[in-house]
Amino acid sequence: MVHAFCGPCGALNITPPQLAPDEQGVIATEVKSSLAAPTRWSVRVIPWDPGFTEPPAAAPSNVAAQGGPATLSTPSPHLTPPAPLAIPSHPLGVEISPRFFSLAGHGRQVIRARIMDRSRHYRLLIEQIPDDALSNQGVNFRFRFSLPIYRSRQDPLIPHGVTIH
3 MVHAFCGPCG
13 ALNITPPQLA
23 PDEQGVIATE
33 VKSSLAAPTR
43 WSVRVIPWDP
53 GFTEPPAAAP
63 SNVAAQGGPA
73 TLSTPSPHLT
83 PPAPLAIPSH
93 PLGVEISPRF
103 FSLAGHGRQV
113 IRARIMDRSR
123 HYRLLIEQIP
133 DDALSNQGVN
143 FRFRFSLPIY
153 RSRQDPLIPH
163 GVTIH
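Read in order, the letters of the sequence shown correspond to residues 3 to 167 in the working numbering.
The set of hints was computed from the structure by calculation and includes no laboratory data. Some hints here could point you the wrong way.
Said to hold, decoys possible - Simulated restraints, written as ranges between beta carbons of each label pair:
| id | residue 1 | residue 2 | range |
| --- | --- | --- | --- |
| 1 | N138 | Q26 | 43 to 53 Å |
| 2 | P19 | P132 | 20 to 30 Å |
| 3 | A39 | G95 | 14 to 24 Å |
| 4 | P52 | A135 | 20 to 30 Å |
| 5 | S148 | S36 | 13 to 23 Å |
| 6 | G27 | F143 | 29 to 39 Å |
| 7 | Q20 | Q139 | 33 to 43 Å |
| 8 | G95 | S36 | 27 to 37 Å |
| 9 | R122 | R146 | 20 to 30 Å |
| 10 | A30 | D133 | 25 to 35 Å |
| 11 | A13 | P100 | 34 to 44 Å |
| 12 | R144 | P18 | 18 to 28 Å |
We treat Cβ as the ideally placed atom computed from N, Cα and C, and that holds for glycine.
Hey, can you work out the whole structure from these sequences and the hints?
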């Protein structure tokens, strides 16, 4: 379970925090809020190289709207980055439901995605959409949750170059 404090007296829980597709390629996770105020969220899936701990920070949020292929690469001071990953104009052939959602105070939402190409690794990104009404009220934080999607339940990964004794 991912448990994140999102304010002085509230939290978000995401269960399960690591995902693996079932026989049909479907993954599911649940987001629960203990916040009193409603929040808005977007959901997307991006390719992931398990040798890196985080997905690219500047990944495009709407690949289909860009009208053509894009590339992602992950710079790292400690590892040599892989070749850029090609992203087709259809968002990786992944079906996501819901793509955008509002989470009512103390609400819950189940997120499902169907992974077509199960030979690759992905991450499910759940990102908070800023509330325009709060933009003039000082510092506002937005949350981004990055959940690994493994190829199978037996695929907990050890990053490249890591040895366990």
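* Which of the listed hints are broken here? -> Numbers 3, 4, 11 - these are the hints that the structure violates, sorted from lowest upward.
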